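**Q** Chains as they are written, first to last, in my numbering: chain U, 1 to 330; chain P, 1 to 559; chain Z, 1 to 347.
In short, the hints are calculated from the structure, not lab data. Take every hint as true, because none was put in to throw you off.
Stretch-level coverage of chain Z by chain P, calculated; a stretch enters the list once three of its residues show a Cβ under 8 Å from a Cβ in chain P: (1) 46 to 58; (2) 85 to 93.
Here are the simulated lysine to aspartate or glutamate pairs, EDC-like style, with alpha carbons at most 16 Å apart: (3) U/Lys239 - U/Glu141; (4) U/Lys147 - U/Glu135; (5) Z/Lys183 - Z/Glu30; (6) U/Lys260 - U/Glu22; (7) U/Lys129 - U/Glu226; (8) U/Lys224 - P/Asp335; (9) Z/Lys291 - Z/Glu255; (10) U/Lys264 - U/Glu22; (11) Z/Lys130 - Z/Glu98; (12) U/Lys64 - P/Asp258; (13) U/Lys48 - U/Glu22; (14) U/Lys330 - P/Glu73; (15) U/Lys239 - U/Asp142; (16) U/Lys225 - P/Asp532; (17) U/Lys96 - U/Glu267; (18) Z/Lys297 - Z/Glu330; (19) U/Lys35 - P/Asp343; (20) U/Lys225 - P/Asp335; (21) U/Lys224 - P/Asp532; (22) Z/Lys297 - Z/Asp280; (23) U/Lys183 - U/Glu141.
Bear in mind the structure is a predicted one, so any value in this text is a computation, not a measurement. Virtual Cβ for every residue (Gly too), placed ideally from N, Cα, C.
What follows is each chain in one-letter form.
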Amino acid sequence: MSKKLVMMAVLAAMSSAALAEEITVYTARAEQLIKPILGVFEQETGIKVNVVSGGEGPLMERLKAEGSNSPADIFMTVDAGNLWQANNLGLFQPVKSAALAANVPAHLRDPGNNWFGLSVRARTIFYNKQTVKPEQLSSYEDLASPKWKGKLCLRTAKKVYNQSLVGTMIGNYGVEKTERIVKGWVDNLAAPVFPDDTKMLEAIGAGQCDVGIANTYYFGRLLKKEPNLPVGLFWANQKLDGVHVNVSGAGVTKHAKNAKGAVKLLEWLSAEKAQKLFADIDMEFPANPKVAPNPVVASWGKPKQDLINVSEAGSKQAQAVMLMDRVGYK
Amino acid sequence: MQLEKSLPSTRHSPPPGAAMPAGIRRRLAIWPARLLVLAISLFTVVPLAVVMTSSLSPDPAIWQHLLEFALPELLRNTLLMLLGVTAGVLLIGVSLAWLVAVYQFPGRRFFSWALMLPLAMPAYVLAFAQVGIFEFTGPIQTLLRPHFDNMRWFPEIRSTTGLLLVMSLAFYPYVYLLARNAFATMGRRALEVGQSLGLSPRQGFWRIALPMARPWIMGGVLLVVMESLADFGTVAVFNYDTFTTAIYKAWFALFSLDTAKQLASLLVVMVFVLLLLEQYSRGRRAYSQAGRTAPAPRLPLTGWRGWAASGIASLVLLLAFVLPLLQLGYWASRDFANQFSADFIVYAWRSVLLSLLAAVLVTLIALVLAYLVRRDGGAIVRLAARVATIGYAIPGTVLAVGVFVPVAWLDNQLIALLGLGGEVTAVFKGTLLAMLLAFMARFLAVGHSAVDAAMNRITRSHDEAARNLGVSGWALLYRVYLPLLSGGLFTAMLMVFVDVMKEMPITLMTRPFGWDTLSVRVYNMTSEGMWDQAALPAIAIVLVGLLPTILLSRQRDVA
Amino acid sequence: MSLLELVSVSQCYGDKKIIDQLSLALEAGEIGCLLGSSGCGKTTVLRCIAGFEPLLDGEIRLDGRGIASAAANVPAHQREIGMVFQDYALFPHLSVVENVGFGLGGLSRSARARRVAAMLEVVGLAAYGKAYPHELSGGQQQRVALARALAPQPRLLLLDEPFSNLDVDLRERLSREVREILKSQGTTAILVTHDQHEAFAMADKVGVMAQGRLQQWASPYELYHEPQTRYVADFIGQGAFVPGRVTGPRCVALELGEYCSAVPRQFVVGDDVDVLLRPDDVVHDDGSEVKALVLGKVFRGSEFLYTLQLASGRSVLALVPSHHNHAIGEAIGIRLELEHLIAFRQQ
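Let the sequences and hints guide you as you build the complete structure.
**A** In C-alpha cells:
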C-alpha cells in the first residue's frame with residue numbers, strides 16, 4: 001500500500017499536474033501569432049496557459065494517442081478542413097455557451113457547436129498594379145481563361161488553404177467544372193508553384209507574374225514590411241457567390257481536464273478585446289461582427305463572402321486533393 | 001567473427017571444476033548479450049511497428065487514386081532524387097576529399113576543415129536561403145533584371161536541378177568527411193602502388209583509391225540516401241513530390257492514416273533491402289589495412305592547377321555556406337530588433353542541452369550495440385542491430401508519431417494501473433526522457449556508423465592480447481575498447497549533436513510544454529512564410545553547430 | 001652498359017639534404033642492396049628511382065635512357081619499374097588472383113590468367129588464388145606482393161624493406177627464396193634494408209649509406225673484408241679497433257705483435273693507425289705468449305664468441321671453437337691470423 005503511495009507521489013511529481021488553474025492549448029497555429037493574445041488572457045485572469053504547437057496532423061495523432069489522459073483542454077488550428085477532421089475523429093466536445101453563440105456567427109462555427117471560428121481570412125485574387133487593371137479581373141474561374149496564360153502564380157496545392165478553396169468550388173460548381181477550372185489554372189502558370197503566399201505575393205510585385213491567389217492577412221503583413229509593393233487586392237466572385245472565406249478556430253477537447261476554463265478561454269477569445277488583437281496582430285478579419293477590422297484591412301472594403309458553412313470545405317477536402325492530383329496541380 | 005568459440009568470457013565462466021558442458025556454458029554466456037541487443041533494437045522496432053501496423057485492408061479508393069495519379073511519378077521522382085543526390089554528393093564530396101587529402105594547393109589547410117562547415121546548416125535552411133538568393137525576387141535576379149530584356153534565360157532555381165544541387169550541397173559533407181579520412185590514410189600510397197604497376201595517377205584513383213575507400217564512401221552515401229528519403233522540409237521548399245510527400249499527403253490531406261502507414265511500410269522495406277544489398281555486395285572482402293604507414297607527402301599542384309583547385313573548393317564553400325549565411329544575415333538584419341531577446345539565449349541553451357544529452361545517449365547505446373555485435377556476431381544480433389539503425393530513413397514526423405503512440409499508451413496503462421486518472425495526465429510523455437528515446441530511434445544510425453567503423457579497426461589480436469592478460473567481458477570494453485575507440489566515439493557524438501540541433505518534427509511532437517528550441521522557432525516562422533523571422537534562429541542553429549562541426553573535421557579518426 | 005645508373009643524385013626536404021651526390025650502377029640481372037640505419041636516406045633513393053620523388057640534382061638512367069633529372073622526369077607509371085612495398089600494400093578488397101593480375105591491364109583475359117597462374121606457381125601460392133589478403137599469413141602476403149610486382153615483367157624491381165614485417169626465421173628463408181625467384185626470372189632488383197644478413201643473403205652488390213651519402217658500393221665480400229671507410233668497417237660485421245703504428249710500407253705494429261699484409265698500403269712509416277680486428281682474426285693459441293683475460297662469452301653452438309681484454313685494457317673479440325670452454329676471468333693465449341689488413345689513420 002505504501003509502495004503505491006510512493007509511486008503516486010513520484011508520478012505526481014513527474015507529471016505536469018499543478019495546483020494553480022491551468023489551461024493547456026494544442027495549437028497548429030504558429031506560436032508567435034497566438035502567444036501574445038494568450039499572454040493578455042493570462043495577465044487578465046491569472047490562469048496559466050500552456051501552449052504546445054506543432055503540425056495539425058501530428059497534434060491530432062497525439063490527442064488520439066493520449067485519449068482520456070490528454071492534458072489538452074483546447075485544440076486550435078487554422079482551416080475549417082482541419083477543424084472538421086478533428087471533429088470527425090471525435091476529439092472535441094460540444095460546448096453550450098450563450099456568449100460564443102452571440103459572438104460567432106452561425107456559418108463560422110460547427111453546427112453541433114464542437115468548434116468555433118475565431119478569425120476569418122479571405123482567399124482572393126491579387127494583381128500587379130503596373131500590368132493589370134482591376135477591371136480585367138472577375139472570378140477564380142476567370143483565372144483559368146487563356147488570357148492569363150503564363151501570367152498566373154499559385155501556391156502549392158499541398159497547402160490546406162488551396163484544398164479548401166477547391167473544396168468549396170466543388171461544393172458550388174460540382175467536380176467536373178471545378179476540374180476544368182483548376183486545369184486551366186495549371187495551364188496558365190507563369191512559374192512553378194510557390195511554397196507560401198508571401199513569396200507568391202512578392203513574385204507578383206516583382207513582375208514574375210501578373211495575378212495570383214492568396215490569403216488576405218499575408219498581404220496585410222507584407223504591406224507592413226513593404227508599403228510600396230505594387231500589388232493590389234481584388235475581391236473575387238463578387239458578382240457570383242462571393243469570395244472564399246475560411247476560419248481559424250478552436251474547440252474544447254473531449255477529455256479536457258479543465259473544460260470550464262477552456263470554455264472561458266474560448267469565450268474570451270471570441271469577445272471584443274481578443275478579436276481586436278487578432279485583427280491587429282494577424283491582420284485577419286475578426287469572427288465577431290461587432291469588432292471592426294484593422295484600418296488597413298478595412299480599407300480593402302467589405303466583400304461579399306461565400307456563405308456556405310465553412311465546414312463544407314472539410315468534407316470535400318479529400319475530393320479536392322484528388323482532383324488537383326488529376327490535373328497535375330502540385 | 002567467431003570470437004566466442006575460442007574465448008569464453010570469464011564473467012560467465014563457472015568456477016573451475018564445475019561440471020558444465022562447454023556448449024551450455026557458451027550459450028549461457030551469449031544470451032544476456034543477445035537480449036540486450038534485442039532490447040536496444042526494440043526502441044526502434046516499436047515505433048516502426050506502430051508505423052507499419054495498419055489495417056491490412058488497403059483503402060481501395062485512395063490506393064486506386066494514388067496508383068493512377070501519384071505513385072508512378074512519386075517513385076520516379078524519388079528515384080531521380082536519390083540518384084541525383086548520390087551523384088552530386090559523390091562528385092562534390094569525393095573530388096574535394098581527394099584534392100584535400102592528396103594534393104597541396106593554396107589554402108588547402110583551410111579548406112580541409114572549412115569544407116565541413118555546411119554540415120552545420122540544416123538542409124531546409126539551405127534550401128530556403130538558396131531559393132531566396134536565386135529566385136525571381138531574389139537579389140541576383142533583381143540586380144540583373146534592369147540590364148536584360150527578360151530573365152527567361154536565368155535558370156529556375158525551384159526546379160529538379162535546383163533541388164538536386166541544394167541537396168548535394170547540403171549533404172556532401174558526410175561523404176567528404178569519410179572519404180577525406182580514408183584517402184588521407186591510403187590515398188598517396190594507392191597512387192604509388194598503381195604507378196609501380198604501370199597505372200597513371202588518374203587510373204590509380206579510379207582503380208585503386210576509389211575501390212579501397214568504398215566502404216567509407218558508401219557509408220557516407222548511405223547516410224545521405226537515408227536522410228534524403230526522410231526529408232520533408234527541403235523538398236517542400238522546392239515543391240518536389242517524393243515518397244515522403246505521398247505519406248504526408250495520404251495522412252494530412254486525404255486523412256487516411258492507414259494509407260500513410262502502408263506507404264511508410266513500403267519505404268521501410270525499400271530501405272532495408274538497400275541496406276542488405278550494400279552489406280551483401282561487400283562479401284568476404286576486408287577493407288581494414290593491415291599495417292598503416294606514415295602518410296606520404298602531398299603532391300604539389302603548381303600554377304593554374306593549384307588555383308583551379310582552390311577555386312573549386314571556394315565555389316563549393318561559397319554556395320553551400322557563405323552565400324546562404326549572408327542571405328540569412330540580411331533577412332535577420334531586417335527584423336533583428338524585434339526578434340532578438342533574452343528568450344533567444346534560452347532557445348539556444350535548450351537546443352545545446354538537448355543535442356548534448358542525445359549525443360551522449362546515442363553514442364553510449366551505439367557503443368554497447370557495436371560491442372555486443374562484435375562479441376556475438378550471430379545472425380540474429382546482426383539483424384537486430386540493422387533494424388535498430390533504420391530509424392534514420394523514416395520521415396521525422398512519421399517516426400515522431402510512432403514514438404509518441406506507445407509512450408502515450410504506456411502512460412495510459414500506468415495511470416489506469418495506479419488509479420491516478422483525473423489528476424495525472426502524463427508520466428513519460430512530454431518528458432526529456434521520452435524525447436531522448438525518440439532521438440535515439442532516429443539517430444542511432446549516425447552514431448552506430450561511426451562507432452562501428454572504429455570498432456572494425458580494432459584487430460583480433462587486441463582482443464586476444466587483452467584476454468590473454470585476463471581481461472574479458474565488460475572489462476574488455478572498458479579497458480581496451482573504450483580507449484581505442486575514443487576517436488570514433490567522439491565523432492559519433494559530434495555528428496549526433498549536429499543532427500539533433502537541426503532536427504524539427506520529433507522535437508515538436510515530444511518536447512515538454514513550452515520547451516521551444518531554435519529549430520522549433522524556425523518551424524513556427526517558416527510555416528507562416530515569415531523568412532525574416534526564421535532567419536535569426538536559423539543562423540543560431542548554424543552558429544551553435546559550427547564548433548562541433550569544426551571539431552569533427554579535425555578528427556582524424558573518423559569512421 | 002649498366003642497366004641502372006645513378007649519377008650524383010641529390011634530394012632534400014626543405015633545408016635537410018636527404019641524398020647527397022649519390023652515384024651507383026647496377027648491371028642487368030644483378031641484385032643490389034642499399035643498407036643503412038633508419039633515416040640514412042636509403043628509402044628516398046628507392047622512391048627517386050621509382051619516380052615518387054623529384055630530384056634536386058643529378059640524373060637517373062635506366063637502360064642508358066635518362067628517366068629522372070632535376071629538369072625532366074618520366075612519370076612513375078611509365079618507367080616500368082616494379083615495387084614491393086614495406087607493408088606489401090596488397091589490395092584488401094581484391095583476391096590474390098586479382099591482386100597479382102592488377103598490373104596486367106594490357107594483356108588479354110586468357111594471357112592474363114596464364115601469367116597470374118605462372119606467377120603464383122613461381123611464388124608457391126598456386127592453391128591460394130581465391131583467397132583474400134587478410135586470409136593469408138605474413139609470409140604468404142609477402143609472396144603475393146612479389147608476384148604482383150613481377151607479373152608485368154618490370155625492367156627493374158624495387159623492394160622496400162621487404163622482410164621487415166616478418167619474424168627472423170621466415171626472414172632468412174624468404175630472403176633466400178626471393179633471391180632464387182629473382183635470379184630464375186632474371187630480374188634486376190634493388191632492395192633497401194637495415195639488416196646486413198638480409199643484404200648479404202640477397203644481394204650481389206651492397207651499398208652502405210650514411211647521412212645521405214653512399215659510403216661504398218661493392219660485393220658483400222669486399223664490404224666485409226675491404227671496407228673503404230671507418231663507417232663501413234664499423235657498420236658491417238663485428239670487430240674492434242686496436243691502435244697500431246706503421247712500421248713499413250706493408251707492416252703495422254700492434255699490441256699483439258707486428259703484422260705485414262700482402263698488399264702495400266698508403267701509409268707513411270710512423271703513422272698512428274687504428275686496425276680493425278674481426279673476431280675470426282683473433283685465434284686462440286695456448287702456446288702464444290700474448291695473453292688476454294676473458295671478460296665475457298657467448299655460446300654459439302660450434303663456437304664461443306669471447307670478449308677478451310688485452311694487457312693495455314682494450315677489448316677484442318675472438319671466435320673460438322666451442323670445445324675451448326674457458327671461464328670468465330681466465331687468461332688465455334691468443335694470436336693474430338690476419339688476411340686482410342683494415343686500418344685507418346687515427347684522427
